[in-house]
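Chains as they are written, first to last, in the working numbering: chain A, 793 to 1097; chain B, 54 to 165.
Hints should not be assumed to be uniformly reliable.
Claimed, not checked - Just the calculated beta-carbon pair ranges, DEER-fashion:
id : chain 1 : residue 1 : chain 2 : residue 2 : range
1  : B       : Lys109    : A       : Tyr1031   : 31 to 41 angstroms
2  : A       : Gln1086   : B       : Trp121    : 13 to 23 angstroms
3  : B       : Glu112    : A       : Ile1025   : 50 to 60 angstroms
4  : B       : Asp149    : A       : Val853    : 17 to 27 angstroms
5  : A       : Leu888    : B       : Lys113    : 49 to 59 angstroms
6  : B       : Trp121    : A       : Asn794    : 34 to 44 angstroms
7  : B       : Lys113    : A       : Leu1077   : 54 to 64 angstroms
8  : B       : Glu112    : A       : Leu931    : 53 to 63 angstroms
Unchecked claim - Part of the chain B face toward chain A, derived, beta carbon under 8 angstroms:
id : residue
9  : Lys100
10 : Tyr105
11 : Lys109
12 : Arg129
13 : Lys131
14 : Arg144
Please keep in mind that the hints were generated in silico from the structure rather than gathered at the bench. Treat the numbers as computed from the prediction; the structure is a model and nothing was measured. Think of the CB as a built atom: it goes at the ideal place given N, C-alpha and C, for glycine as much as any other residue.
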Amino acid sequence: MNIQKHIDTLFSDYQESPALKDFKEELVGHLDERIKSLTKKGMDEKSAFEKAISELGDISVIADEIGKKKRQEVFSEMYMKTRNYMSAKRSALYALCGLVLGLAVLIPLITWFASGIHVSTVAAIVPFGMTAILGFVFLWLTQETASHEAMSRKRALWYVLAAGLILFGVLAAFITYFGVEFAALDVKSHGYDTANTSIMGAIAVLMVFSLPGIALGIFLILTEKERSKPWVIKQREEYMKYANEQFDGPAKAQKFGLICGALWIAAMAGFVLLTMLVGIKFSWLAIVAALVVQMIIMAMLTKSK
Amino acid sequence: MEPRLSSDLLRGHTDTIVLAALMNDDRYGLEIYNRILARTGEQYEMKVDTLYSSYKRLEKNGYITSYWGDETQGARRKYYHITDRGRELYRQNLLDWEFTQKILSNLLKEDK
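Here chain A stands alone, though its shape is the one from the complex (with noise of 0.2 angstroms):
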């Protein structure tokens, strides 16, 4: 029996450092000792290495206090788990959102090289895509995590709902928007104007079904409950303390997202102007410059150390 090998693996889940180096060597010190020992009494070999090794307890509860454990959970892991929390059914549900997802991509495809009319492609997105899409929201939002508990199915259903109209209105809008531009061809051997009606029509089509969806979707968020687990809510309070800290409290943290808010949509602004000014070639600089503002910003407003 290998003394030596028998500790290395009782600490095989800790990680290495001298001071449980320092400890192996000691506690393999004794055992060998009260190994020779015990043989002189007149024990033979391997029961005196049982003996000895039974007399140890649980000596894991050492190596706890002065090394650190091996198979550390990582922090984005823990968060983002849900091996835990997925039944065989759901995964099947899952796998089928794909399938279908699958399909909604290839059937318009077939549709674009069979066909070449858009407004039958963007109909063939329809049935599939909405129903793969519209199942994903779903299945999220139904779904216990590591860090959140499933919505309830009633709610999600009304999530579903409030997508599938902001969905469905996107949707019948390219179909309108194409649908009259097909048309056009037969108009327009009668006179009118085409290339309005086509716009308007979709908007009016976009605003009947997504506004209300948008609408519904607005008020679903602003009633959300928390779902978050306890200890999700333990680390945001510690964040949240951690950066009042930083900010040498709420009053400045408050200031400075409000500043950086502005700053960004400023930096949109000025990003999207200066691409049709000067082209996309030099207006994402404004994006960088909107960055290193907010870093001065941070400095100017957090505690020097």
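Let chain A serve as the given structure and place chain B on it in line with the hints.
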């Protein structure tokens, strides 16, 4: 009826038992273990984890220090040495125990 040794009661005094063993000599881990075996007539097998946790705890709090011996043959031994703070803790613990023992005996007596 045979009297039995209360392991729980003894375990509560592990730190003091270790300090007592070190009062006059520096000793290594197994030596203290053997001393306990001998003094209890091998009736009480203190688990090694309990004992070594006690060493680590006492060392961390500055009641004992440790150093490696310079054995010429066989495995090296780690010796423990009691500090002045350790001596003080030992005396205090001993006083506390003697006092508690008196009170406890009183409490455990039945009324006559």
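Hints, one by one, checked against the model:
1. Under the hint 31 to 41 angstroms, the C-beta atoms of Lys109/B and Tyr1031/A, about 34 angstroms apart, fit the expected range.
2. Checked against the given bound of 13 to 23 angstroms, the beta carbons of Gln1086/A and Trp121/B, roughly 55 angstroms apart, lie outside it.
3. Glu112/B and Ile1025/A have their C-beta atoms about 39 angstroms apart, which leaves the hinted 50 to 60 angstroms range violated.
4. Checked against the hint of 17 to 27 angstroms, the pair Asp149/B and Val853/A passes, with Cβ atoms roughly 26 angstroms apart.
5. At roughly 57 angstroms, the beta-carbon separation of Leu888/A and Lys113/B lies within the given 49 to 59 angstroms, and the hint holds.
6. At roughly 22 angstroms, the beta carbons of Trp121/B and Asn794/A sit outside the given window of 34 to 44 angstroms.
7. Range check, Lys113/B to Leu1077/A: about 56 angstroms between beta-carbon atoms, so the 54 to 64 angstroms window is met.
8. In this structure the hint that Glu112/B and Leu931/A lie 53 to 63 angstroms apart at CB holds, the actual value being about 55 angstroms.
9. Checking Lys100/B against chain A: minimum C-beta separation of about 3 angstroms stays under 8 angstroms; hint holds.
10. This hint holds: Tyr105/B has a C-beta 6 angstroms from the nearest C-beta of chain A, less than the 8 angstroms allowed.
11. Checking Lys109/B against chain A by beta carbon gives a least distance of about 6 angstroms; that is within 8 angstroms, so the hint holds.
12. Annotation: interface hint on Arg129/B holds; nearest CB of chain A at approximately 6 angstroms, less than 8 angstroms.
13. A cut of 8 angstroms between beta carbons decides the hint on Lys131/B: the least distance to chain A is about 5 angstroms, and the hint holds.
14. Hint status for Arg144/B: violated, given a least beta-carbon distance of 27 angstroms to chain A, over 8 angstroms.
Of the numbered hints given earlier, the model fails hints 2, 3, 6 and 14; all others are met.
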